[in-house]
Structure formats: C-alpha cells, structure tokens
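Asks: Chains as they are written, first to last, in this note's numbering: chain A, 1 to 450; chain B, 451 to 938.
Warning: the hint list may mix true and false statements.
What the hints assert, rightly or not - DSS-like mimics (lysine-lysine), calculated; alpha carbons at most 30 Å apart, straight line:
{"hint": "1", "chain 1": "B", "residue 1": "Lys913", "chain 2": "A", "residue 2": "Lys151"}
{"hint": "2", "chain 1": "B", "residue 1": "Lys502", "chain 2": "B", "residue 2": "Lys624"}
{"hint": "3", "chain 1": "B", "residue 1": "Lys936", "chain 2": "A", "residue 2": "Lys26"}
{"hint": "4", "chain 1": "A", "residue 1": "Lys439", "chain 2": "B", "residue 2": "Lys588"}
{"hint": "5", "chain 1": "B", "residue 1": "Lys624", "chain 2": "A", "residue 2": "Lys151"}
{"hint": "6", "chain 1": "A", "residue 1": "Lys439", "chain 2": "B", "residue 2": "Lys502"}
{"hint": "7", "chain 1": "B", "residue 1": "Lys588", "chain 2": "A", "residue 2": "Lys346"}
What the hints assert, rightly or not - Ranges of calculated distance between the beta carbons of each label pair, as one might list FRET restraints:
{"hint": "8", "chain 1": "B", "residue 1": "Gly916", "chain 2": "A", "residue 2": "Ala350", "range": "54 to 64 Å"}
{"hint": "9", "chain 1": "A", "residue 1": "His281", "chain 2": "B", "residue 2": "Arg873", "range": "48 to 58 Å"}
{"hint": "10", "chain 1": "B", "residue 1": "Arg927", "chain 2": "A", "residue 2": "Gln161", "range": "48 to 58 Å"}
{"hint": "11", "chain 1": "B", "residue 1": "Thr804", "chain 2": "A", "residue 2": "Pro35", "range": "29 to 39 Å"}
{"hint": "12", "chain 1": "B", "residue 1": "Arg825", "chain 2": "A", "residue 2": "Ala197", "range": "28 to 38 Å"}
{"hint": "13", "chain 1": "B", "residue 1": "Arg673", "chain 2": "A", "residue 2": "Val222", "range": "52 to 62 Å"}
{"hint": "14", "chain 1": "B", "residue 1": "Arg825", "chain 2": "A", "residue 2": "Asn192", "range": "36 to 46 Å"}
{"hint": "15", "chain 1": "A", "residue 1": "Gln385", "chain 2": "B", "residue 2": "Gly702", "range": "52 to 62 Å"}
As the list claims (entries may be wrong) - Pulled from the structure, derived: some chain B residues nowhere near chain A, Cβ distances all over 12 Å:
{"hint": "16", "residue": "Pro518"}
{"hint": "17", "residue": "Gly702"}
{"hint": "18", "residue": "Ala766"}
What the hints contain is simulated information worked out from the structure, not anything from laboratory work. Heads up, the beta-carbon is just placed ideally off N, CA and C, and yes, glycines get one too.
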Amino acid sequence: MRFVVAVVAAAVVWSAGPEAASRPPKFVYQRMQLPNGLTVILNQDRSTPIVNVQLWYHVGSKDEKPGRTGFAHFFEHLMFKGSRNVEPEQHTSIVASVGGQANAYTNEDTTVFWQTVPAHFLPLVLWMEADRMATLRIEQETFVREREVVKEERRMRIENQPYGRLNEIIYEQAFTVHPYRHPVIGSMEDLNAATLADVRDFYHTYYVPSNVTVVLSGDFDVAEATNLVNQYFGRVPKAAKAVPRDIPREPHQAKEKRAVVEEAVPLPAVVVAHHITYDGHPDAYPLHIAAKVLSDGQSSRINQKLVYETGLALTAFGQANLIEHPNLFYAVAIVNPGQSPATVEKALIAEFDRMKAEGVTPRELQRSKNQFARDYILGRETVQQKATHLAHAEVLHSDITTADGEFDIFQNITQADVQRVSKTYFTPESRVVIHIMPKGAASRGAEVVQ
Amino acid sequence: MRTHATAVVFVLAVLFAASFASAQPGPAWPREFPPRPLQPHPVTFPPFEIKKLANGLTVVLVSQNEQPAVSVRLIVRAGAAQDPKGKLGLAMLTATLLDQGAGSRTAQQIADDIDYIGGILSTGAGTDLSFINAIIMKDDYQAGLALMSEVVRRPTFLQAEIERQRQQALSALKVSAEDPESVAGLVIDRLIFGFHPYGLPGSGTTESLQSLTRADFVEFHKRYFVPNNALVAIVGDISAADAMTGIEKYFGDWPAGNLPKFEPIAPPEPTKRVIVIDRPDAVQTEIRVGHLGVARKHDDFETLDQAVKILGGEGANRLQQVLRSQRQLTYGASADLDGYKDSGAIVAETDTQTANTAEALRVIAEEFSRLQRERVNEAELEAAQDYAVGHFPLTIETPDQIATQVLNQLFYELSVEELPKYRDRVLGVSPDDIQRVARFFLRPDRLSVVLVGNADQFVATLKGVGFGEFERIAIDRVDVLSADLKKQ
C-alpha cells in the first residue's frame, strides 16, 4: 500500500515551461472517521524523524454569544490546566521534556492545538490530547487565575503596541451583528462576568469528538498510528447533542461607512476596506489574485504608488481576509509625516477603482499566479505546515481535496475573472473608510500631522 | 549511563503520582500511566558539502528535493558593528539599498523581476553581518542567481533611491522611538556594551542617517562586499553540480578584495545601573535585565548557554515558572545568551502590568542570584538537556534550517565537524560544569536594568526590592549616544 502511494507522489512532478508555475507534489494521506464522530487524517512523511499532531476544534470567536466574547480563546488557555491523567501546566512541559514543541491558537473560526515531537513519542501526545478532550479539569481557582494571564496577553499584544488596536478598529466599524465584529481575544468585561457554569457549558458543547479533526503528519507507520488513534480517541464518548451553528448573518451594507478615531499612534493610518465573500466561494480565488496585485510584495500597485512613487505612506499593505464567513478585503497605509490622510485615502481608493476599470495585465496575472505557487510550495515544507493545510481544507472547506485542488483553480483564473470580482465587491456601497489619528490630532481639526 | 526514554518515563510517573490526589469524579475514564515511547528513529545530520571558489567565496551545498524550490543565502562578514563613528545606520541602509537598483536594473525592475518568477528576495544587516537571501523555484535558478549577483556585486546607489530609503528609515525610527519593546532593547544593549559598537543602534539616529552620503555607501560596499569576506549556501531541489555551475558563472569572476583588519575593542566591565524610561500612557512595563556574556566562539559558550536556558530557556525556564505559572505576573518571560563575534550578552526579558513592576524585577534578580548561588539540580538539568537533544531533529527539518546551521558554524569560525556531535556535546555538560560557568560569568550584583513604563506608578516601589537608585528619562528624551542617555 505504501509502495503504491510513493509511486503516485513521484509521478506528479511536473515539467514546467518558463511561464508556468512549478508544481508541488500532491499530498498523500488517509482520512477516516471514528464512531464518536472524530475525523482523523494521516499524512505520512518520513523525511525527518519527527511528527506533528494537530487538533482542530471547529469553534472560534464567531461562535461566541454577545456578552460572552473571548470564550473560545480563553478556553484554549484552559485546555492546559490539567485533565484526569495530566497535571495542570504539564502538557507543554511534558512535550518539552522530550524535545518537542506544543502550542495553540484561536481565530475567528477555529481553535487549534498542535505539537511537534520526535517520532517515537507519538503515543504520548495522542494520549495527552485524548485525555484533555475527555476529562479536562474545570475548576474555579484555575479559571480565575488564567483570566489574569489572558488580560496580560491582551495588554501585551494589543494595548501596549503602536497600531495594536488596528484590527479591532477595522472590525468594529465594518460589522454590525456578525460576531466577526468583536476581536478574538474578546472583552475583559465579558471574561470577568463569565461563570464556571458558562465555561463548563462551552466545553460540553464544542469540545466534543464530532467537532474535532485530528491530523498527523510525519514519520509514522500508518497501521500503527491508526491503532494508536483508535486506542486513545476511540474511548472519548460521543456528544449528547449536535454542535450549534446559529451564527447571526451580517446584513448587507447599503452605503459607505466612514469613521475617524483617535488612538495612541505615532503617525496617522488610513484604512479602506470592502466587504467580500468567504473562503472557498468561487469568487474567493480571483479576489486573492486582486489582493496580490494590489498589495503583495514591493511590486504591488499599492506599494508602488503610495510608498515608492509618491512617498505618501511609510508602509502600505492589504489583505483579503477570506475566512469561513464573508469578511473583508482591507488596505492600510501609514501616513508619512507631512502628508494628509485625505490624500492617502484618495490614492488608495484610486487603486481599487483602477482594478475595476482595467483589471490586471497579463503579466500581473502571471506574476501573481507565480507568487501563489511560491507561497503554496514554501507553505508545505514542514510537517506542521502540511498538517495545517490538510486540516484547513477538511474543517473550513469541508472538502479535504481542496488542499491540493486549489493549486489548479488558481492557475486557471483569467483576467476577466479578476475584473468581474473587482466590480462585484469593490463598490462604494460596500466600502468602509477609517482614519486613525494620533490622540489630539482629530479634535484639533488638523488634517496634516507633522 | 542513562537512556532518554527511561528518564522521561520517570518524570512522567512522578507527575502522574501527584495527580491522584486531585482527580475529580467523572465519566469512566481510566487513571493510567502515559504510554511508552515507540522504538526511537535514528537521527542523522543531513549531508552537506563545503567548497571554495578561487576568489575566496565559501560555498555550502545542501541538496533536498522534497519541494521544487531552491534557497540561496549569502552572508557578508560586515554589519552594524562596522558602522564608522558618526555613521550609524550605514550597514543597515547599505543592505536596504542593494535591491533598489543594481547593474542595469532599476528598483522597480528588480521588484518586478523577482515577483514575476515567484521568488523572494530580501536583504538586511545584523550586528556582525549583512545578508542577501533569495528563494526561487527550481526552474528559475539561473535567472534568480543572475539577479542576485547584480544585487550583491553591482548596486547603483542612485541618489533618488538613497533619499527614498533615508526617509523610510527616518519614519521607522520615529515609530520605533515610541515602541516600548524597541526602546527597551536599544537601552539594554547600550548599558551592557557601553560605547562598544554592539551597544550602539544599528538602525542609526536621526542625525547619523541624515549625514550619510552616496560616497559612504559606495565605500562600505567596496570595502566589505568581496568574495573573500562572504559565504553562500545553496539549498533545495538542485544537484551539487548544477548549483556549483551557477555559482561559478555568476560569482566566479567577482574579484577578491583587501580586507581591513578588525580591531575589536573590549566592552566595559559590568556595573549595576538602572534606567527607568517613562511612558505615562503605558499599561505594562517592559523589563530587561542583563549583563555581558561571552562571544559565540568562546569555549564556554555552550555550557553557559545551558545555564541561561535553565534561567529562561525552553525545557526549563525558571523565570516563566515563577513569573507566569506561579504568580500570573506576565504572559511570558525568557532569558537568552546572545553570542556575537567579539562578545555577548545575557538578557532576561518580560513585560508585566505596571503595578507588578518591582515584584517582577525582584524575581528576575533573585533568579540570576539563585542560579549562581545554588548548584543546579540534576533532574532540572536533565530536563533542559532532554529538550535540547530531543529538539534537535526539529531543527534539521528544512533545507534552510540545515544551511543556517552550517553557515553559523562557518561564520563564527567553529568546526562543522561538530554539527553531527550535538547530542554528545549537550549531554556532556554536568551540574558541576553549570556551577563553574554560573559562578564565573554571572554577576547578579552588577545587573543592568531597563524598565519602560508608567514611571510614576512604580518607581516608589523599586527601593523595596533593592533597586532604589535609578535614573529616570522621559521616553521622548532618550539618547543612547550620550553618557547619561538623555538628549542634551
């Protein structure tokens, strides 16, 4: 079986012409589901004697209810607070004691726990992950203590950094009811108000096998790994109820939104954002290309125009935030001393308008396809990266084949596709414009900040 | 003779025994010991080759064909430490300007050329070195090298590009002058290294950046960017023979130069000094505590590095245990031994809520002292070593990681023969060795301290933790080039 698999992998190496993108080898994997609903993906890669194990819990900040924001991320912390057979704070130490690395992160859509360890410690990490999935200790004392750590994290990441609140500002201006409106780290007031019962309820609702995808990537024997997964995760009980997905939809934005906010920033920043679609929608792929041409790399239009040619901005960048539900494409420019935010705003909008009017040139299109191929290839070097791509396809696209299939979708996009989606999404009605001014500047009415 | 598998099982068993007392009732889930590891898989350092061109360029080759990409990393042995007096920022801006016009290509053409072939080109300068890195898809290896050799060998330093990059650098200085992490880093370096080049800002100052002329860039480049002062690594999906053919073609006729003699000056002896940088709107205090360490190639570097890892590194990290896990004073704390060519520094860092500033500082100083005072316990050292040894295969996963390890050895004039012996070197360090270096190199009575935060809210508490003497400076009055660190 493994022999056949190796032959398939070797056969897909392309011979590419000068204009065509180099193609990475396809993933080789097995996918299975346990009776308790847990999805398991095994990606064998024997190039280095290590293994990466990731658990994707399909719960993020968008699953949080008003008044209970920050729960998903807070829960990520609580998962390190001990379970039946593992003492509090020992998960990371145990992984470190064998030379491994373990960590976790939470975003709008998912909460991910990962570890990379020397290959022979695979049983240990599977055992520990199953232990905390089934028997997490949820106690008043650890809950109160960990809340303080999260508050410190918020101070470090957000409040104590110049432009640290940039994302929060963009999202609270752009969204009205969808939970994407609030930051992943949530509100400290909400965390203060949380009770132990709330926390237990969250655990029993979302931390259940049917809401989890486990991915193994690395040096293991497939039959042995399958047995280990069955042994440790197979005994986690099936959830009593289905995972709720009653997330409010963001109403259509019918006219441009504008805001000026004051923050402790050294230089003003201008944001121009547009509401766009979700990750996996057919329009998402041409939007990625539009975003690359507008804002990826030194040769991107926004960088060339605002930073290089005119010196209007210290830096300018953009991002198509294509995630599980419709989100934003936004461009940000930090206004250089002596330049006005109004001029910078005009210059940013002009680049969106140009994209609608002219689309992209054949060279820009090929360039962004090559850049995409580059990111694709360089994003699949480590076992952690490989596991992440497989999990992303499985959890957010509900279709693991997209982990490979997106490569061809991108290479087949045309100029007409890019112009069509630009016209669809970069409308004045869908626009959100924000000026972030240094404290005192906006109230003085000063447009030019020296 | 111990084996690592048994050491780990022993540690886990201890943790497990402790868990019976507090286990709560719940579903039928077994109480059990952790599973035993499988048979360990062999770990070998991947093969690499080292060659030298006739002009003195050292070439490292690592072939790995998992992904169809090739990475080229070129290092020049000159960085911010070579900035002439009054010309701080020269190495940094020289590196920045390399890809802003070279040979017959303009800055925009270079940007477009590299993006069009789906490559990445980056340039920069560190303390002791400058670098030019490129990642290219395998089919574009020749095109990528052609571009790279122009950028390395023939930068044009056009006046318009100089002005553009100067303005960017000045704006960046303005932003970082308000960033507490960045200010804390600048000031602790200055306290530890004094007016040695390692103590001065490689990103320059407003005055020094304004003073740089085209002649400065041309001279710096001419002096240091020569093949007998450079190393290049080619790694990825390419055979050694093809890699060398390309390097010979694009770098074989790069003429060697006469290198100036480096005349290192010694950094000053450590002295206790506490600088409070006042940032009234801060909600947290950035804390840096440290003193002089040793150079990377010092015989005791790796032993001292293990000692510092017990203080604040992965696998042990007393600071994290006390400051985060026991006391919830911070989100993270760490300590590092930074080894440079001529010298080094031991620096502990954390950030904490303003009200906890003095207490966090007390804990850090106490941990420096404890590491020197008390012999480190075997189990703690073993845990740190288990981490280092077990972690090793994670550091040789990608071709770039392998090349970086080889380049580091060559750059710091260490033996590449040592690379595969990593495990033995780590496990050869005993608690006695740790105590010897801790006693010799740690100076808990002479710590340099930097606190960046809302001074009014914490300075009164510093005396109670033994740091009552301090100098206070407003964040917009900091000048690391003056003796008292204040703008005149």
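Asks: Tell me, which hint numbers fail for this structure?
Replies: Violated hints: 2, 3, 4, 6, 7, 10, 11, 12, 15, 16, 18; rest satisfied.
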